[in-house]
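The lines below spell out each chain.
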Amino acid sequence: MPHIALPPGHAGIRSAMAFRPETARPLNDLVEVLLTGPNSLTRGERELIATYVSSLNCTHFCHSIHGAIAAAHLGGDEALVRQVKTDFTQAAISPKLKALLVIAGKVQKDGKLVTPADVEAARSLGATDIEIHDTVLIAAAFCMYNRYVDGLGTEQPDDEALYRERGRRVARDGYVAVSHEYLETPATH
Amino acid sequence: MPHIALPEGFPGISAGLTYRPETAKPMRELAHVLLHDANSLTPGERELIATYVSSQNNCHFCQASHGAAAACHLDDASVVEKVKADFLSAPVSDKLKALLTIAGKVQQDGKLVTASDVEAARKLGATDVEIHDTVLIAAAFCMFNRYVDGLGTWQPQDQDMYAQMGKHLAEEGYTAPSIRQPLQTA
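Protein chains in written order, with this note's numbering: chain P, 491 to 679; chain S, 34 to 219.
With the rest of the complex left out, here is chain P (with noise of 0.2 Å):
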C-alpha cells in the first residue's frame, strides 16, 4: 500500500511519476540521456549496470524492469542478466564491463570508495573517460530511482511475464516514448 495517493492502476516508478508530472519529465529525460543516448556502451551493458545497482540496493521494481530491458538489448539473454545479480564477476561479460561493475558498486555505497586504482584498472582495460562518467552517474542516478520507488511504498508486482513485455517494449522505444503510456503531457519537448 502506497504511503501517499498514488494514481491506481501504476506499478513502482510510473505511479509516482504519474502522481508528479513536472518531476517526472526530467527523471525521464536523464534515464533517457543515460541508457537510451548515443554512447561507447552499448544499451544492453548500460541497463545491466542500472540492474546490478537496483539489485545491491534491493529495489524489486528496479531490479526487474531493468533486468527485463537488459535481457531484451542481450538477445533475450536472461541468465546472463541473473548472473550479473549474482556474481558478476563470473558473468559471460567483457572485463572492461566487470570493471565498470566494480565502480558501480562502489558507488552505490559511497562516491568516496571509488579509488584511482579502480579507475586506472576500468580505464587499462579500455574504458574511456566518458564510459567512467557515465557509470558513475547510472550508478548514482538509481540510488535515487530505487530511494525514490520504495521511499513511496508503490506496488512492485511480481509478475515476470509483465516485466519481460515491457521490458522488450522499453528496449525498443525508450523511456520517453513509453512514458506517455502514464503522463498525460508526454515526457518530450
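Hints were generated in silico from the structure; no laboratory data involved. Just so you know, even glycine gets a beta-carbon here, dropped at the ideal spot from N, CA and C. Please note that the accuracy of each hint is not assured.
As the list claims (entries may be wrong) - Partial list, computed: chain P residues near chain S (C-beta under 7 Å):
(1) T513
(2) D519
(3) L564
(4) G601
(5) L673
Following the hints, complete the assembly by docking chain S onto the known chain P.
Coordinates of chain S only, in the frame set by chain P:
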C-alpha cells in the same frame, strides 16, 4: 584529483555538469523543480532537506552549497548548522522535523520509511505532494552526492565561494550555471 579529465577550476558538481551537458540538462531541471519552483514547502525548507541529506552522506560540496542556499533563503546560517547537528532540537517547525525524519530514512534506504512516519508528518499538516517531494529530494541528493564524490571532484574549503554560490542558487535557481568561469584552484 578528479578520477577523469574534468574541466579545471569547476568545483563539485559544476565540473560534472560542464563535462557532460547532455546529462546536466535534466539534472538541473530536476533540481530546479524540486528546490526552486512554487511549492507549499518554502525554498528554505526544501534546501534544508537537501542539506541534511547531503550532510548524512558526508558530501562536503553539496552540504556547503545547499547549506549556503538555505541560509540565504532563511537569512539565518545558525539554523542550518543546527539542522545538520541535530534537527530534532533545531528551531524548525514540527512538520519539517517529521519530513526530515522521512528524508533521513530515504537516505539510508527507502524501505525504512514506515506508514507511521508518514502518518506523523500528515498529522502535523504535511500534504501528499510535500511527502512526495521530501522523498524525491532525499533520493535525488543520494544521486547528486554520489555523483560529486564518485568522480572525485574538487571540493574547496573556501566559505566565501559557497556563500556566493548559495546566493546564486537562492535567487536564480538551478537552470543556469552558478559557476560560469573556472575558479583559481590554487
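* Hint check, failures only -> Violated: hints 3 and 5.
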